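Chains as they are written, first to last, in my numbering: chain G, 1 to 287; chain F, 1 to 111; chain X, 1 to 307.
Bear in mind the hints are in silico, worked out from the structure with no lab data behind them.
Among these hints, one or two may not hold up.
Label pairs and their calculated CB-CB ranges [stated by the list, open to error]:
#1 X:LYS165 x G:LYS249: 30 to 36 Å
#2 X:LEU163 x G:LYS122: 29 to 35 Å
#3 X:ALA118 x G:ILE148: 49 to 55 Å
#4 F:SER103 x G:LYS268: 43 to 49 Å
#5 G:ILE95 x F:ARG101: 39 to 45 Å
#6 G:LYS122 x X:ALA94: 51 to 57 Å
#7 G:ILE148 x X:ASP177: 51 to 57 Å
#8 G:PRO68 x F:ALA36: 54 to 60 Å
#9 G:SER94 x X:SER68: 46 to 52 Å
So the derived list for chain G, only partly shown, Cβ under 7 Å to chain F, looks like this [as the list claims (entries may be wrong)]:
#10 VAL26
#11 LEU45
#12 LEU239
Here the structure is a predicted model, which means the values were calculated and not measured.
Even glycine gets a Cβ: it sits at the ideal position worked out from N, Cα and C.
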Amino acid sequence: MQTKREEINRMVQDVKSLPALPGIVVKLRALAESDAASLQIIARLISSDQILSAKVLKLVNSPFYGFPGRVSTVSNALILLGVNVVKALVLSSSIFDLMEENVVGLWEHSLGAGVAANIITKRLALPDGEEISTAALLHDIGKVIIKIKLKEEAERIRLKVDGGEVSIREAEKEVLDVDHAEIGGWLGKTWCLPEKLIEPIACHHDPVRSVTYADRTAVVHLSDILIKASGFGYSGDDLVPRIQEAAWKKLNLSDHVLREIVDEIEDKLIEVKNFSLEIQSSHEGKV
Amino acid sequence: MQNIPLILAAPGMTLAKAVMRPDSESRMPICGAGTALTELLIERLDQMGIASVLVEGHPVLIEGEKTPEAEIKALDHRFRQVCEDPLMIRLKEIYKDRLIRLSEEWHANEA
Amino acid sequence: MKGKFRIALLSDDRKMSEPLILLLESREYCVVLRTDFSRVLGALYSDPPDMIIIDLGAFTPERLKIVSELKTDSYFAIIPMIGFIRPSIEESVAWEQLPLDDYMVLPVQTPELFSRIALSIQRMERIFDHNPLTKLPGNTSIRRAVEKSMGKPRAVCYVDINLFKPYNDIYGFVRGDEVIRMLARIISNAVKESKEGGFSGHIGGDDFVFIVSGKEAEAVSQLVIDRFSMIVVNLFDKEAQARGYYISKDRQGRRQRIPLLGIAIAIVPTSNTAIQHYGEVAARAAELKKEAKASKASCYVIDCRKA
Ligand SMILES: [Fe+2]
Ligand SMILES: [Fe+2]
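Please put together the full structure from these sequences, using the hints given.
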């Protein structure tokens, strides 16, 4: 007998692509048509969407190009794949049929976490800020898999969360026997993403399990919590998770520094919110 | 500090943050923080495709916008499962202080 | 490991494609049908086939662009591509500008189709001197490209990696091959992004050549240097990344600090009429490279000698 976990793991290994937010694809299409679009502008726009970023990273890390598991930022992927390949790849993406509120909510949550990770790494002067932000952007990608590939279970999880004091992660474990973090890690393995992205994704709710890239995982863990504390976006429940003590010690933040980080994130989130509204309206404008 | 759509911007308001040229790589500022808005400036921002600006204080009431008091309640609600954890209490205080600051700005304008 | 031979069939004409797929499958080919031309490039990039058959229909710019785009990416240029065309159109096609490997007139005759497929694959293996590691054109193509640019306002740029041997000794040749592949992609993409475009080739080992317009040669060289240094850190361990060097032993067994990999580029403008043949370009480049290598950091050196 195959357990539920094994069954899901098997399913994840067959995931070839996931749908992106229509507004982003519309915007990229407009950019792609104007030849002037520079590498940086395209990279920045792709970096705002977890699905497109994952798609580009999947391709550049595929065995076909011959450096699997080496590239962990969208800008490096663009340099190696070439602008035309990335443009074509993005424009061929499938998109969510509906701009459901929860889809936008999760998109905002992911982007917010990426922004937070960027601010934290800068403030702590950690190297590889762009890589850590990418891990934070992708941290909840497992939730997209559940939503798209396990529709019926996703509905049961939603009912559990809405019905009581359970977090989405607890509900996932009850229904699926595995949570979105682990599923995200499985996808990362299937898609040959670098270990420095996989580990923070897979351990973002339980950073003590992260051994090789514990610093990065701690940053992603905190980024997720700060975005949930701020109430920005919607990641499936409205509960702020507890900061794990080991991760907190690892980051070694004083209250003063944390205050500065929170202030900077909150200011930046206003811009992110405006960007999100713009993306949503660029989709409506098209339809 | 309040984020308002440009249609609600009016002469006499002061920018709380610099306005950047949209879609430009260099992130060139168009006008800096502290600039007082004028009819002409608002029109020019509109032509450049600026959709919203950050202004000082809390000059307009936007429909559906939560009051800082409601925000504080929502904050407490989000932290409901971790309200005994000393570290989480410290974190919540940081967010609460920020909201209290915003609340003061908000009410200063009402007066 | 290698499965069935995979053919991507690009066509929105179901009447033609459906029986064709059955036929191809009866010959043990695995066929992936793509009907949406607006999304076909992305689909091919994310799931590369072994061969492409494209229904060119009425020769719309969209379909011609698919052909030319694929043929400008070194990884895809070596995938054989056969075009299907309508019977009346044959004479009006600008064949010189269409980088197809072969074509067939509709309706397709089946025995002919199978032999054309087999021949296209064979021809690709025979005439292309691409480097198996990087899939970039090799020495015969390079020589031809250099000769073609002589006397024109172009520049031939020779690239090689500084201190590549100790890197291979410490990190292993598998990692070394990854460096080579990355550099190949960096060069060919930078050349493609340049305004006038150009040629990229792989001489062998860590030696590459690219040709761009004389005006752009320095800018493209700098871009290649910058991008290489940005990317290459991913191929070192954490400690070396943080310190900016790694430890190797010299012949006497003494520990040596070796800086992270860099590259040297020698630029030889071909507008110089004093250069008459291929050998002279290579000789000048060799001299310049010594100069470029004298600097520890990545750099380019340009040939400024008068005619
Ligand atoms: Fe999560
Ligand atoms: Fe999250």
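Status of the hints after comparison with the structure:
1. A C-beta distance of roughly 44 Å is found between LYS165 (chain X) and LYS249 (chain G), which places it outside the suggested range of 30 to 36 Å.
2. For the pair LEU163 (chain X) and LYS122 (chain G), the beta carbons lie near 33 Å from each other, so the given range of 29 to 35 Å is met.
3. Hint check: ALA118 (chain X) to ILE148 (chain G), Cβ distance near 41 Å, so the stated range 49 to 55 Å is violated.
4. A hinted range of 43 to 49 Å is violated for the C-beta pair SER103 (chain F) and LYS268 (chain G), which are about 21 Å apart.
5. The hinted window of 39 to 45 Å between ILE95 (chain G) and ARG101 (chain F) holds, with their beta carbons roughly 40 Å apart.
6. Checked against the hint of 51 to 57 Å, the C-beta distance between LYS122 (chain G) and ALA94 (chain X) comes to roughly 54 Å, which is consistent with it.
7. Taken as a hint, the range 51 to 57 Å is violated for the pair ILE148 (chain G) and ASP177 (chain X), whose Cβ atoms sit roughly 36 Å apart.
8. Checked against the hint of 54 to 60 Å, the pair PRO68 (chain G) and ALA36 (chain F) passes, with Cβ atoms roughly 56 Å apart.
9. The hinted range of 46 to 52 Å is not satisfied by SER94 (chain G) and SER68 (chain X), whose Cβ atoms lie roughly 26 Å apart.
10. Violation of the interface hint for VAL26 (chain G) is found here, the shortest Cβ-Cβ separation to chain F being roughly 15 Å, above the 7 Å cut-off.
11. Interface restraint check: LEU45 (chain G) against chain F, minimum CB-CB distance 10 Å, threshold 7 Å, status violated.
12. Taken as an interface hint, LEU239 (chain G) checks out: its beta carbon lies about 5 Å from the nearest beta carbon of chain F, inside 7 Å.
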